[in-house]
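S.K.: Below are the chains, spelled out letter by letter.
4 protein chains.
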Amino acid sequence: MIFSSDNWAGAHPAIAESLVMHAGGYASAYGTSELDRKVEKRFSEIFEKNVAVFFVATGTAANSLALASANRAGGVVFCHREAHVNVDECGAPAFFSHGARLNPVDGARGKMEAAKLDAEIRQFPLENVHGGQPMAVTLTQATESGTVYSLEEIEAIASITKSHQLPLHMDGARFANALVSLGATPAEMTWKRGVDLLSFGGTKNGCWCAEALILFDLSRANEMHFLRKRSAQLFSKSRFIAAQFDAYLDGDLWLDLAHHANAMAQRLADGVTASAESRLAWAPDANEVFVVLKRAVAARLQERGALFYDWPVPHDLKGSLAEDEALYRLVTSFATRAEDVDRFVAGC
Amino acid sequence: MIFSSDNWAGAHPAIAESLVMHAGGYASAYGTSELDRKVEKRFSEIFEKNVAVFFVATGTAANSLALASANRAGGVVFCHREAHVNVDECGAPAFFSHGARLNPVDGARGKMEAAKLDAEIRQFPLENVHGGQPMAVTLTQATESGTVYSLEEIEAIASITKSHQLPLHMDGARFANALVSLGATPAEMTWKRGVDLLSFGGTKNGCWCAEALILFDLSRANEMHFLRKRSAQLFSKSRFIAAQFDAYLDGDLWLDLAHHANAMAQRLADGVTASAESRLAWAPDANEVFVVLKRAVAARLQERGALFYDWPVPHDLKGSLAEDEALYRLVTSFATRAEDVDRFVAGC
Amino acid sequence: MIFSSDNWAGAHPAIAESLVMHAGGYASAYGTSELDRKVEKRFSEIFEKNVAVFFVATGTAANSLALASANRAGGVVFCHREAHVNVDECGAPAFFSHGARLNPVDGARGKMEAAKLDAEIRQFPLENVHGGQPMAVTLTQATESGTVYSLEEIEAIASITKSHQLPLHMDGARFANALVSLGATPAEMTWKRGVDLLSFGGTKNGCWCAEALILFDLSRANEMHFLRKRSAQLFSKSRFIAAQFDAYLDGDLWLDLAHHANAMAQRLADGVTASAESRLAWAPDANEVFVVLKRAVAARLQERGALFYDWPVPHDLKGSLAEDEALYRLVTSFATRAEDVDRFVAGC
Amino acid sequence: MIFSSDNWAGAHPAIAESLVMHAGGYASAYGTSELDRKVEKRFSEIFEKNVAVFFVATGTAANSLALASANRAGGVVFCHREAHVNVDECGAPAFFSHGARLNPVDGARGKMEAAKLDAEIRQFPLENVHGGQPMAVTLTQATESGTVYSLEEIEAIASITKSHQLPLHMDGARFANALVSLGATPAEMTWKRGVDLLSFGGTKNGCWCAEALILFDLSRANEMHFLRKRSAQLFSKSRFIAAQFDAYLDGDLWLDLAHHANAMAQRLADGVTASAESRLAWAPDANEVFVVLKRAVAARLQERGALFYDWPVPHDLKGSLAEDEALYRLVTSFATRAEDVDRFVAGC
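Chains as they are written, first to last, in this note's numbering: chain A, 15 to 362; chain B, 15 to 362; chain C, 15 to 362; chain D, 15 to 362.
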C-alpha cells in the first residue's frame with residue numbers, strides 16, 4: 015500500500031528490457047545515435063509537428079532549461095503558488111536563469127486563474143525598470159493537486175500569456191496522466207493551445223530516468239544545445255534515455271500506464287467516497303488523490319503498512335476539517351495494484 | 015573496429031541485468047533508498063574512509079559541482095590546458111561557479127607540472143583584488159592523453175595545492191583505468207595523496223550512466239546536497255544509478271573491466287610498435303592510444319570500418335611528423351574485442 | 015513642493031564643497047588613499063567598533079553584496095514583503111547571489127513581525143533539500159512605510175535570526191533618519207542588537223552618491239573585497255566617495271540633515287492632521303509621510319506644483335478609504351523648506 | 015612626479031565646479047532628469063548618430079554590461095591577452111555573463127592581430143557544443159600598452175568579427191587619448207569602422223567618476239535598462255554623472271585634456287630617448303610610456319619621489335634587456351605638469 019509518490023516505483027519491465035536489448039554494440043555519443051534520432055522522430059509524430067527534443071536528467075532540469083531559454087535580465091516567471099518549480103526545485107529555475115524570480119499566482123486546486131495571472135503580470139510594466147520584467151509563464155499539467163487544466167483553461171492561460179508576448183511552458187511531469195484524463199491528443203494539449211515549451215516526463219510513469227524538453231518553436235533549439243551542455247545535462251551514452259523512451263512510446267504503452275495509474279486513483283476515490291468515516295478533499299482528475307481522514311484512521315492505515323504523506327490544507331478548505339481530521343495525499347502509479355487500493359479503502 | 019571513444023559502448027551485461035533486477039518494487043526516492051545507502055557504504059569500504067557520495071548525471075556535473083563546492087568570488091581554477099573541464103564542458107564549471115575562470119597549466123602529455131602549477135597560482139596574489147583569487151586545483155586521472163600521474167606526481171601537485179591552501183579535485187572519468195595501471199588502491203591514489211574531491215566515473219567503463227562525486231572531506235557534504243539539487247542533478251529514482259554501481263563495484267567487476275580496456279590498449283600499442291609504417295606517438299598508460307599514421311593508412315583503415323578521431327599534435331612533437339602523417343587517438347573499452355584490435359593492427 | 019523622493023534633491027553644499035576641495039592632487043586608487051582610510055576610521059569611531067567599510071555605487075549594490083556574502087546554494091532570504099530588495103531592485107539580490115530567493119514576510123507598516131519571520135523560516139527545514147535553505151534575514155530601517163523599528167523590535171528580529179543561525183542585514187538607505195528618530199547611537203541600533211551587516215546610505219540624506227557596506231564581522235571582509243570588485247563596484251578614484259562621507263560625517267552634519275528631514279515630515283504630519291479634509295494614514299517615524307487625500311485635493315495640489323506619488327493601500331486599511339480618497343506618499347529631505355511644507359498643508 | 019596611473023589624479027576644476035553648480039534644486043531620479051537628457055543628446059551629436067547612453071559606476075561595469083548584452087550559453091569572448099577585461103576585472107565579465115569565458119588573442123603591444131583573432135574564433139565551431147560558442151569580440155582603444163589601433167586596424171578586427179556574426183565592443187577607458195592620437199572623429203573610430211558597443215571613459219581623463227556605455231545599435235537598449243539595474247549600476251542621483259559629463263564634453267574640454275596628457279607622454283618619451291642611460295621600450299601613441307631603465311636609475315628616481323610601476327616584459331622583448339635593466343610604465347594625465355616630466359627625465 016505504497017502511495018507516497020509515483021517516483022517510488024521502479025521501472026516497467028518493458029523499459030528495463032529495452033535497456034538490456036540496447037546494452038550491446040556501439041553507438042555514437044551525445045545524442046547523435048540512430049536510436050536517439052528514431053525517438054526524436056517518434057516525438058514529432060506524436061505531436062504532429064516537427065519538434066526539437068532534448069533529453070535531460072531530471073524534470074527540474076527540463077523546467078529550468080525551458081525557463082533559461084526565455085531568460086531576461088531581472089526576469090519574472092509566473093507560476094502557480096504550489097507549482098513544483100516554486101516549492102520543490104531548490105531554486106534551480108533561478109540558478110539556470112541567473113536570478114530570475116518566480117512570482118506566485120493563486121488559483122484553487124493547483125490551477126492558475128487566467129485573470130489572476132493577468133493581474134500579476136501587470137504588476138511589472140516594462141517602463142518600471144525597478145520591478146524587473148516578465149519573462150515567461152509556466153503551468154503544470156497535471157497539477158500538484160491532482161487536477162487537470164481543461165483545453166479551454168490552457169487556452170485562457172495561453173491567451174493572457176501571448177497578450178504580454180511571453181512564452182508559455184508546460185511542466186508535464188505527469189503529462190500522460192493529464193492526457194488520458196482529458197482524452198486529448200498531445201498536440202491538442204500543447205502547441206495547438208499555445209504551449210511553446212514542454213517538459214515531457216517519463217520517469218513518474220514507468221521509466222527509470224527519462225525526461226525530455228520538447229521545443230515546439232524550433233528557433234530556440236540552437237541555443238538550447240549550449241544551454242543543456244553548459245548545465246551538465248548532456249548525456250554521453252544518451253541512448254540509454256532513448257532506449258527507455260523507445261519502449262515507453264512504442265504502441266500505446268505510455269498511455270496504457272497512465273490509464274492504469276488514473277484508474278487506480280479513481281478506484282481509491284470511489285472507495286473513499288463510499289467510506290463512512292473518510293472523504294475526498296476534492297475529486298481527482300489524474301493519479302493523485304487528496305483525502306480527508308481522521309488522524310486515527312491514518313495512523314491505523316500506516317500501522318498496516320500504508321505509506322502516504324500528509325498535506326497542507328488549502329486556505330479555502332481550512333474551516334471544513336474537523337479537529338481530529340487531516341488532509342493526505344495518495345499517489346498511484348503504473349505499478350499500483352488493485353488489491354492494495356482495496357486494502358487501503360477497506361481500512362478507511 | 016570502433017575506437018572513437020569509450021562512451022560509444024553500451025552497458026556491460028551485469029550492469030544491465032542489475033537494472034532489470036531492481037526494476038520491481040518500491041523504494042524511497044531522491045537517494046534515500048536502501049540500495050543507495052548500500053552503495054554509499056561500499057564506496058566507503060573501497061576508499062577505506064567514510065566518504066560522502068553524490069550521484070549525478072554526467073562527469074561534467076561531478077566536475078562542476080566539485081569546483082562549485084570550492085567557490086570564491088573572482089575565483090580561479092587551475093587545470094591542465096587540455097583538461098576536459100577546460101576544453102570539453104562548454105563552460106559548465108564557470109556556470110556552476112558563477113563565473114570562475116579556468117587558468118590553464120602546461121605540461122607534457124596531459125599532466126600539469128608541479129612547478130608550472132605553482133608559478134600560475136603565484137600570478138594571483140591575494141592582495142591584488144583585480145586579478146581574482148585562486149580557488150581550486152583539478153587534475154585528470156587518467157589524463158586526456160592516456161597517461162597516468164604516478165602517486166609521487168599526485169603528491170607533488172597536492173603539495174603545491176596545499177601550500178596555497180586550496181582544495182584538490184581529481185577528475186576520475188577514467189579512474190578505474192588509472193588505478194589498475196598504477197596497481198594502487200583507491201585510497202592511495204586519492205585522499206592519502208592529498209585529493210579532497212573526486213569525480214568517480216563509471217559510464218566510460220561499462221555503466222550506462224553512473225557518475226558519483228566523492229567527498230573525502232565530510233564537512234563539504236551539507237552544502238553539496240543543495241548544490242546538487244539546485245543544479246537539477248538529484249535523481250528521483252536515484253536507485254537506478256545505485257543499481258548500476260551495485261553491480262559495477264561487486265567483486266572486482268569494475269577493475270576487471272578496466273584491466274581489459276587497458277590490456278586492449280597495450281595490445282594496440284604493441285601492434286602499432288611492431289608495424290613498419292606506423293608508430294606510437296607516446297606510450298599509453300591506460301586505455302587511450304595515440305598513434306602516428308600515414309594519412310593514407312588512416313584512410314584505408316577507415317574504409318575498412320575502423321572509427322577513430324584525429325587529434326591535435328602537441329607543440330613539442332610538431333617537428334616529428336612527416337608531411338603525410340597525422341596524429342590519431344584510439345580508445346579501447348570494456349567492450350573492445352581482441353580480434354578488432356588485431357584487425358586494426360594488421361591494417362597499420 | 016517636491017515630495018516625490020529624497021533622491022530628487024541634489025547634494026548639500028558642504029558635500030559639494032568637499033569634492034572641490036579634494037579635486038586637486040594625487041592619491042592612490044581603489045580605496046587605498048589616506049582619505050579613504052580616514053573615513054574608514056571615522057566609521058569605526060561612530061560605531062564604537064572596528065568595522066570593515068566598502069564603498070559602493072548604489073544602495074542596491076550594498077544590499078546585494080551583503081546578501082551575496084551570506085550566499086548558500088538554493089538560498090532563501092527573508093525580508094518584508096514591501097522591502098526595497100524585494101520590489102525595487104530588479105532582481106539584483108538574486109543575481110548577486112546566483113539565484114537566491116527572496117521570501118516575503120508580512121507585518122504592518124513595513125515592519126516584519128518576529129513571529130511571522132520565524133514561521134517563514136521554519137518552512138525551509140534543512141532536511142528538505144527540495145525547498146532550499148535559509149541564508150539571511152534583511153530588515154529595512156527606516157522602513158519603506160516611513161516607520162522605524164524600535165530597538166526592542168530589532169532585537170526580536172535578531173533573536174529569531176540567530177536562533178536559525180542566520181546573519182542579519184540592515185538596509186539603512188535611511189539610516190540617519192531612523193537613528194535620530196529613535197535617539198539611539200549607531201552601535202545601539204546595529205551590532206549591539208544583533209545586526210551583522212549594514213547598508214549605510216548617504217545619498218538620500220545629502221550626498222551625491224555615497225553608499226557604504228559596513229561589516230561588523232571582520233571575518234567577512236576578505237571575501238567582500240573580491241565580491242565587490244567582481245561586481246564592478248570598486249571605484250578607481252574611490253576618494254570621491256570618501257570626500258563626500260568626510261564632510262557628511264564631520265561634526266554631526268549627517269544627523270543634523272536627518273533631523274531636519276524628519277522635522278519637516280512631522281510638520282507635514284501635523285499640518286495634515288489639523289486639516290479638515292485630509293488625514294494621516296499612519297503616524298510617520300522618519301521622513302516619509304503617508305496621507306489620505308481626496309483625489310480632488312491631490313489634483314489641486316499637483317496643479318499648484320506639488321510633486322508626490324500615490325501609493326498602494328495596505329490590505330488592512332482598504333476599507334477605511336472613501337471612494338473619492340486615495341493614499342499618497344510625501345517624502346521630505348535635508349533640502350525641504352518649511353515654506354513648501356506650509357504651502358502644501360495650506361492646500362490640503 | 016606621479017606616473018603611477020591616470021586614476022591617481024583627482025578631478026579637473028571644471029568638473030568639480032559643475033558638481034557644485036548642479037548641487038542645488040531638485041531633479042527626477044534614475045537618469046530621467048533634464049541634465050541626463052541633455053548629456054545623452056550631446057553624446058548623439060558627438061557620435062553623429064542616435065546612440066543609447068547608460069551611465070555606470072566603473073569601466074569594469076561598462077565592459078561587463080556590454081558583454082552581458084551579447085550573452086550566450088557557454089559563450090566565449092575574444093580579447094587581447096593583456097586586456098583589462100582579462101587581467102584586471104576579477105572575473106566581472108564572466109560574472110555578468112553567467113560564466114562566459116575570455117579567450118586570449120595574441121598580438122604585439124596590446125593589439126590583437128586580425129588573423130590570430132580569426133584563428134581563435136575558428137577553434138569554436140558551432141557544431142561542437144562541447145567547446146562553447148563565440149559570443150563577442152572586445153578591443154581596447156588605447157591599449158594597455160599605450161598603443162592605438164589605426165582606423166584600418168579597427169576595420170580589420172571588425173571585419174573578422176562580422177564574418178563570424180559577432181558584436182564588436184570597444185573598451186574606451188582611454189577613448190579620448192586614442193582619439194586625439196589618431197586625429198579621428200568619434201564616429202570614425204567607432205561605428206563607422208564596425209564597433210557596436212563602446213565603454214566611454216571619463217574618469218581617467220579628468221572626471222571623478224564618469225563612465226558611460228554607449229550603444230550604437232539601439233535595439234540593445236531595452237534589455238540594457240534591466241541589465242544595468244539588475245547589476246546595481248543605476249544611480250538614483252544620476253545627474254551627478256551627467257553634471258560631470260556636461261562639463262567634460264562642453265567645448266572641447268575632454269579633447270584638450272587628452273591632448274595635454276598625450277603631449278606630456280610624448281615629452282617624457284622624447285626625454286627618455288635623449289637620455290644616455292635609458293630608452294623607450296616602444297613608442298607611445300597615447301598617454302602611457304613604457305621605458306627600459308637600469309634598476310639603479312629607477313630606484314634613484316623613486317627616492318626622489320617619482321611613483322611608477324614596473325611591468326612584465328613582453329615575450330618578444332625578453333632578450334633585449336640587460337641583467338640590470340627592467341621595464342617600467344609611466345602614465346600621464348590631464349593633471350601632469352611639464353616640470354614634473356622634466357624632473358623625471360633629468361633623472362633618467
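There's no promise every hint is true.
Copies of one chain are not kept apart here, so a pair can be met inside one copy or by any two copies together.
[To be verified] With a straight-line cut-off of 20 angstroms between C-alpha atoms, the simulated SDA-like cross-links for lysine to any residue are:
1. K332 to A133
2. K176 to S42
3. K130 to L140
4. K308 to S334
5. K332 to Q137
6. K130 to P326
7. K63 to A170
8. K332 to Q179
9. K55 to K332
10. K332 to D354
11. K63 to L331
Simulated from the structure, these hints should not be mistaken for lab results.
Computed from a predicted model, the values in this text were never measured in an experiment.
S.K.: For every hint, state whether the structure bears it out.
M.R.: These are the hints, each one checked on the structure:
1. K332 to A133: between (25 angstroms within a copy, 18 angstroms between copies)
2. K176 to S42: The answer is neither: 40 angstroms in one copy and 34 angstroms across copies each exceed 20 angstroms.
3. K130 to L140: For K130 and L140, the Cα distance is within 20 angstroms only inside one copy (19 angstroms; across copies 32 angstroms).
4. K308 to S334: within (13 angstroms within a copy, 42 angstroms between copies)
5. K332 to Q137: between (29 angstroms within a copy, 18 angstroms between copies)
6. K130 to P326: between (22 angstroms within a copy, 18 angstroms between copies)
7. K63 to A170: neither (22 angstroms within a copy, 44 angstroms between copies)
8. K332 to Q179: neither (37 angstroms within a copy, 33 angstroms between copies)
9. K55 to K332: neither (48 angstroms within a copy, 45 angstroms between copies)
10. K332 to D354: Result: close neither inside a copy nor across copies, 30 angstroms intra and 52 angstroms inter.
11. K63 to L331: Close neither inside one copy (42 angstroms) nor across copies (52 angstroms); limit 20 angstroms.
Hints 2, 7, 8, 9, 10 and 11 from the earlier list are contradicted by this structure; the remaining hints agree with it.
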